[in-house]
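Note that UniProt numbering has the sequence shown beginning at 1, numbered continuously upward.
What you were told as hints is all true, and nothing was included just to trick you.
Computed beta-carbon distance windows for the label pairs:
{"id": "1", "residue 1": "Q79", "residue 2": "L50", "range": "41 to 49 Å"}
{"id": "2", "residue 1": "A76", "residue 2": "V128", "range": "28 to 36 Å"}
{"id": "3", "residue 1": "W102", "residue 2": "R81", "range": "26 to 34 Å"}
{"id": "4", "residue 1": "Y132", "residue 2": "I32", "range": "52 to 60 Å"}
{"id": "5", "residue 1": "K135", "residue 2": "V30", "range": "55 to 63 Å"}
Simulated from the structure, these hints should not be mistaken for laboratory data.
Bear in mind that the values here come from a model prediction, so they are computed numbers and not experimental data.
Glycine included, each C-beta is placed from N, C-alpha and C at the ideal position.
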Amino acid sequence: MTGHGPAVAAVGNTAATGSNGTYFSAYSVVGILLLLGVAFVATAFGANRLLSPHAPSPEKLLTYECGVDPVGEGWAHTQVRYYVYAFLYAIFAVDAVYLFPWATIFAAPGFKGTTLVEMFVFLGFLAVGLLYAYKKGVLAWL
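Could you put the whole structure together from the sequences, leaning on the hints where they help?
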């Protein structure tokens, strides 16, 4: 005994023995469900392997990409200028995500001055991003 008294020892013993098996029965249910899930997936893969036809040909082993036959190497260069469009999308998406909740908070009493200053700081950061895109020539109409 550790000197904690008989009540602590009794509680410790019931937790260790399982107290009518309820403690470990919860884990056994999880274990059974896990085994059933693994068996179901293994059965599905086994049935697929047994029932599917297997007739490989050179055409079937080619890489398929959106209906276009693969020609050349698998390495393709992406234009770097597209990052600016992604940047613009992020600016407008973030703007839309934060402006609508801000409008509802701004209407609540007690938040007028603080939220107005915070929103102008936020819009200032977005304006810097738009100015950068404008300097890059992305916002010019073609």
